[in-house]
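Colleague: Chain by chain, the residues run as shown.
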Amino acid sequence: MIEPRFKPGDQVRVRKTYPLGHIRTPFYIRGHSGVVERICGAFGNPEELAQMRSGEPRQPLYRVRFRQQEVWPAYQGNAEDVLEVEIFQHWLE
Amino acid sequence: MGGLPAGKVEPTEHDYEEWERRVDALMILLSGVQGHKKLMTVDELRKNIEALPSDAYERMSYYERWVTSITQTMIQRGVITTEELGRKMAEIEKRD
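Chains as they are written, first to last, in the working numbering: chain A, 1 to 93; chain B, 1 to 96.
Hints may contain errors.
[What the hints assert, rightly or not] 20 Å max Cα-Cα, derived SDA-like pairs, lysine to any residue:
1) K38/B - M52/A
2) K16/A - V85/A
3) K38/B - Q72/B
4) K8/B - Y28/A
5) K8/B - W72/A
6) K8/B - Y75/A
7) K88/B - M74/B
8) K88/B - R59/B
[To be verified] FRET-style restraints, in silico, Cβ to Cβ:
9) E64/B - F27/A: 20 to 30 Å
10) T12/B - P73/A: 24 to 34 Å
11) G7/B - F43/A: 31 to 41 Å
12) K94/B - A74/A: 48 to 58 Å
13) K94/B - K16/A: 47 to 57 Å
14) M1/A - D96/B: 50 to 60 Å
Derived by calculation from the structure, the hints in this document are not laboratory data. What you are looking at is a predicted structure, and each value in this text was computed from that prediction instead of being measured. The beta-carbon is built from N, C-alpha and C at its ideal position, and this holds for glycine as well.
Required output: the full structure, derived from the provided sequences and hints.
Modeller: Shown next, in the form of structure tokens:
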């Protein structure tokens, strides 16, 4: 298992890259910055598991909180509204 | 959907057809629960659903996507061959 590099409260940025393959990081969140809300544990890497490989070592998974207004430029809702996405460590910097 | 505009979401309750329950059970069994051999992962299920052409994805129901993806995964892993699949499909078509 890979050791967690981030802790709750840390500011993180999602890598803005678009490789082929099966990737759990949604397109719309790539390149955006948020704050680690919690560490969810560590799980097999889905990008590897999707290709018949072991997925080891397990990657830490984080729940990251983003401001809706930062994610959607035309967002009309409450300025306090947030969006939480679970993202694997290797997608965060 | 997935960050793309898709209009209003209309949630509705519905019963599952018998074949849909079977597809769900098939996925659970192939995932290696209860001491069965693990023959696929949920990530492969998702990968092969994502690989569907967009018109096929739109046309298919939820479990039609699942059964198509499971079949594709079993072929990729060599659990079944296209030869066996084709013969079985022809055999079933002949049933009443």
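Colleague: Now tell me if each hint is right for this structure.
Modeller: Each hint, compared with the structure:
no. : hint                      : in the structure
1   : K38/B - M52/A             : holds, 11 Å
2   : K16/A - V85/A             : holds, 15 Å
3   : K38/B - Q72/B             : holds, 16 Å
4   : K8/B - Y28/A              : holds, 19 Å
5   : K8/B - W72/A              : holds, 17 Å
6   : K8/B - Y75/A              : holds, 16 Å
7   : K88/B - M74/B             : holds, 14 Å
8   : K88/B - R59/B             : violated, 24 Å
9   : E64/B - F27/A: 20 to 30 Å : holds, 24 Å
10  : T12/B - P73/A: 24 to 34 Å : holds, 32 Å
11  : G7/B - F43/A: 31 to 41 Å  : holds, 33 Å
12  : K94/B - A74/A: 48 to 58 Å : holds, 56 Å
13  : K94/B - K16/A: 47 to 57 Å : holds, 54 Å
14  : M1/A - D96/B: 50 to 60 Å  : holds, 55 Å
The structure fails hint 8 only (numbered hints given earlier).
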